[in-house]
Amino acid sequence: MGDLKNLPLHALHEAHGGKFVPFAGYDMPVQYAAGVMAEHLHTRAKAGLFDVSHMGQVLLPLSADTALETLVPVDVQGLKQGRQRYGLFTNDAGGVLDDLMIARRAGDLFLVVNASRKDHDIAHMRAAIDGVVEVTDRALLALQGPLAETALARMVPSVAEMKFMDVAQVEWDGVELWISRSGYTGEDGFEISVPSDAAEDFAAALLAMDEVLPIGLGARDSLRMEAGMPLYGNDLDEDISPIEAGMTWAVNKVRRAGGDREGGFPGADRILDEMQNGAPRRRVGLRPEGRAPMRGGVLLFDAETGGNQVGVITSGGFGPSIGAPIAMGLIDNAVPADATLFGEVRGKRLPATQTDLPFHKPDYKR
Amino acid sequence: MKFTEEHEWLRVEGDVVVVGITEHAATSLGDVVFVELPEAGTTVVKDDEIVVIESVKAASDIMAPLDGELVEVNEALADNPGMVNDDAMGEAWFFKIKPSDLSQMDDYMDEAAYKDMIG
Chain W
1 MGDLKNLPLH
11 ALHEAHGGKF
21 VPFAGYDMPV
31 QYAAGVMAEH
41 LHTRAKAGLF
51 DVSHMGQVLL
61 PLSADTALET
71 LVPVDVQGLK
81 QGRQRYGLFT
91 NDAGGVLDDL
101 MIARRAGDLF
111 LVVNASRKDH
121 DIAHMRAAID
131 GVVEVTDRAL
141 LALQGPLAET
151 ALARMVPSVA
161 EMKFMDVAQV
171 EWDGVELWIS
181 RSGYTGEDGF
191 EISVPSDAAE
201 DFAAALLAMD
211 EVLPIGLGAR
221 DSLRMEAGMP
231 LYGNDLDEDI
241 SPIEAGMTWA
251 VNKVRRAGGD
261 REGGFPGADR
271 ILDEMQNGAP
281 RRRVGLRPEG
291 RAPMRGGVLL
301 FDAETGGNQV
311 GVITSGGFGP
321 SIGAPIAMGL
331 IDNAVPADAT
341 LFGEVRGKRL
351 PATQTDLPFH
361 KPDYKR
Chain S
367 MKFTEEHEWL
377 RVEGDVVVVG
387 ITEHAATSLG
397 DVVFVELPEA
407 GTTVVKDDEI
417 VVIESVKAAS
427 DIMAPLDGEL
437 VEVNEALADN
447 PGMVNDDAMG
457 EAWFFKIKPS
467 DLSQMDDYMD
477 EAAYKDMIG
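As they're listed, the protein sequences go chains W and S. Here the working numbering is used: the first residue of the first sequence is 1, the next is one more, and so on. Here the working numbering is used: the first residue of the second sequence is 367, the next is one more, and so on.
Bound conformation, chain W alone:
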């Protein structure tokens, strides 16, 4: 594994009582002094600041839109300037290599990919696309919550004009910020790429505001679970198709059967077939009865005793805003939607009810 890398804001995390864990090769704050529960609830009520500088930031020339479409089932060519779209790198078997954000800006395409996959993704793109540049001199922060706009607009007033999935390049204190109105919490908010040498000043200015608390990886995970968002490596992987994962919406219309640019991405045969004829498995939300959390890896059965294994929990834990355990699982598509499932926790099968995702309804500024 080698040595852990520090984030550009490591000292600031320490000063706020950060407790660190290794994650994707980085020494990352899992929580701060307030703790996971308080940080989660604060983000839903006010605004939380996340350091996600471990994620990969990548630039492509505008002319790469056609080539990028050979890797993702996304309408990149139709993406308007100043807008961002969610995407998935698929493989030939129709599984998922990573998920990412794609933004079209005036001079380039700006991509954000997962930390654990960035080396893979960059190599994967370089095999198909000329001019792939990894951005290594910028931190990435996320400011999330109903008061995120209020807080950020004090420093950058124009963010109030942005709508969900808009992107903008804006000057602040002599440096250029790359801002998108998006996030991974189910709240309104922004993701902000800032030059590394200005990141500490920028973050400190936000943290000085009453509304803003620093939020660690622990609450980032519980927030995204409540929002029903998949985590690559848990709810998405090389064997799970986007259709099975409930991400059919991420296969854009022009890339679907009958679309102008139908298929043409890895695994299109399986993915388009599953859209037409159904997938063998489906991702579901689960509400375990009682208080015992069902975490990733818990096996799901169709009966309390005997019966068959019909799936597995891919992500699970406690939902602070729900006040109860929540989970997502991948199950056999033949299981009826109203069937109670049983998760095997410490040798006991405990009931869990299937439920629609998300657990917590997002409130985006459209």
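Hints are supplied without guarantee of correctness; some may be wrong.
Said to hold, decoys possible - Result set (BS3-like, lysine-lysine): computed pairs, CA atoms no more than 27 Å apart in a straight line:
1) K5/W - K19/W
2) K464/S - K368/S
3) K348/W - K412/S
4) K412/S - K481/S
5) K481/S - K19/W
6) K481/S - K348/W
If you're looking for bench data, these hints aren't it; they were derived computationally from the structure. Keep in mind it's a predicted model, so treat the numbers as computed, not measured.
Dock chain S against chain W, hints included.
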């Protein structure tokens, strides 16, 4: 009061020993969201895993620190697991055990030694 290396505290009350986890342990676990208690009346052997605690971060076990019979468990914890974070050394005791051999207490640390251990 005595302390185990597993961050349990033991307090003698008449002929029973009350057992909980230390504030240090509660803080490092993070917010506790689930506690599974054994049945009162169970006979246990030292090092049996008898309680499951789940925090927002992970699951962990509490072991029986002594041989004996569980005479009472703190049912309030099942409904309000957050008590462990609020009052680890007081209201959030886990169980009361009637030890069959009280001399097993001698294996455990006093408060000064425990504080030394956690640094």
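Outcome of the hint check:
no., hint, result
1, K5/W - K19/W, "holds (15 Å)"
2, K464/S - K368/S, "holds (16 Å)"
3, K348/W - K412/S, "holds (23 Å)"
4, K412/S - K481/S, "holds (23 Å)"
5, K481/S - K19/W, "holds (21 Å)"
6, K481/S - K348/W, "violated (37 Å)"
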